[in-house]
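Enquirer: Each chain, written out:
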Amino acid sequence: MSAAALTAVPLEGRDARPGLGRLTLVELRKMTDTRAGFWLQLAIAALTVFVAVAVAIWGVGPDQQFGSLLGATIQPASILGPVVGVLLVSSEWSQRTAQITFGLVPRRGRVVVAKLLAGLAWSALAFALAVGAAAVAAAVANVDGAWDVPIALVFQDALYVVISVLGGIAFGAALLASAPAIVLYFVLPISWAIVGSLSFLEGIAGWLDSSRTMDAMVNEVLSGEEWARVATTAALWVLLPLLIGTWRILKGEVR
Amino acid sequence: MIESKGLTKRFGGRTVVQDVTFACEPGTVTGFLGPNGAGKTTTLRMLCGLSEPDAGGAAVLGGPYRALPNPGRRVGVLLDASAQHPGRRGRETLALSARLMGVPEKRADELLGRVGLDRSAARKRVRQYSLGMRQRLGLAHALLGDPEVLILDEPANGLDPEGMRWMRSLLRDFADRGGTVLLSSHLLAEVEAVADQLVIIGGGRIAASGSREELLAGTGTLVRATDEAALEAALAAASLTASRVDAGFVVDAQPEAVGRAALDGRVVLSHLGPSEGAGLEQLFFDLTTPEAIA
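Going line by line, the protein sequences match chains A and B. So the first sequence is numbered by the working numbering: it starts at 1 and just counts up by one. So the second sequence is numbered by the working numbering: it starts at 1 and just counts up by one.
Treat each hint with caution, since some may be false.
[Unchecked claim] Okay, the calculated beta carbon distance ranges per label pair:
| # | chain 1 | residue 1 | chain 2 | residue 2 | range |
| --- | --- | --- | --- | --- | --- |
| 1 | A | Ile204 | B | Gln128 | 50 to 56 Å |
| 2 | A | Leu120 | B | Thr21 | 42 to 48 Å |
| 3 | B | Arg10 | A | Ile151 | 36 to 42 Å |
Because the hints were derived from the structure by calculation, they are not lab data. Just so you know, these numbers come straight off a predicted model, no measurement behind them. Idealized CB from N, CA, C, for every residue including glycine.
Put together the whole structure using the sequences plus the hints.
Expert: Following this line, the structure appears as structure tokens:
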């Protein structure tokens, strides 16, 4: 039967569906095993460390407290993380590897879930690096009240990174093309912020303008209403494109 | 085992594949022949669950491709050798899929060797690969999970003559060990040498199918009539042996004898002529020209 009987490939596993854990690890590997992916990851890590060092050296007083440092060190991951998220999905179409991926995993929904899990895992790793860099910088600077930070704010910082990366995945899925997805991910919210600054849209903008609702996450412990604003923004900028994208992936032709 | 049952696909009102039915048995190599744009790729994509048919269905190893829990271990697919990430190294491309389908990563190294990609090629990024190298990588990818079925779209594209010969022996060997091979091509010569079954498609429809010998039936006469049943009866009445090809009959007799049989049976012929040993090439050409399809 086997024409390529080189290594005796065990027969068991022939009909074992690859588990979500394995799919997620493969997706994580795809993030780093291309030239573009590798340098993007390295750039984010380097920027995170650089931010911590810069604040530790040139920052003053409250800037050097752990809480403020963390607010700064998560920025590379939350600004460039979405690009990682976009590419994780859209490069399968732009580089036409989708037919390989879905040839091996024909239940396309499992690939979508694996990519979301990989996005979460990536966020966790990036956040851990940001925490580490901020902690080292805070310890070195050693200003008064350096460790005085509400745990809720740390949690919000982590969520900020997660929402950013998932937003990238959602845009990548909705557009299924790298360049437009990256451009629109950055341009749409900015355009919306400009439109939202018109006085008669003020009320809506306070709920849907990510530059307003999300920025509060890294600056202060959110009130109940602010959480509602964050949730509304995330529904528009993350959930909606993710639903559109998932539908496109599940129902569309694989190119 | 591959079965296509009435596969039909429309894009924007245009029917690109219409009622395509054929089957590939274990131990055989089936050549899927047709000119460019005949619907070969669309058919293969429907077989592999990448494209949803508008009508009909397909089965690979007894069920829909998408129902296979770990398809990489049962079916090797190569649809487009250029559909690989150009920034990924050759070996990594295979290692990633090996991981996914749960075979040891060292399979990647073995298959690179088997398809003739050396260590330096394995380290190169796919961007730097020639088309021939991509085909070899794609073939290695298809063989990675030690499958029972191979579905290959234009695998000989970009291969040099030596590479083609190598691929033919690889596919022949695969089938002789009990595997099922379906490969498409727009070049008859490429397929004639290796396939034992042929499916010829033109304009989205199957124009002819059968064993190579049957279709080659070289020394006979190719005859067609608008009323095929009447022609068949007339040939039988004259005790002539005729084998049906989708667009007529190949009769084991001289054209004159066939003509007399048709005259006796009062059948209007639309085509009568010797195959003259031109064999498959003529058949392929005839069946895939627009007039033959219309």
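Enquirer: For every hint, state whether the structure bears it out.
Expert: Hint by hint, here is what the structure shows:
no., hint, result
1, A:Ile204 <-> B:Gln128: 50 to 56 Å, "51 Å, holds"
2, A:Leu120 <-> B:Thr21: 42 to 48 Å, "46 Å, holds"
3, B:Arg10 <-> A:Ile151: 36 to 42 Å, "58 Å, violated"
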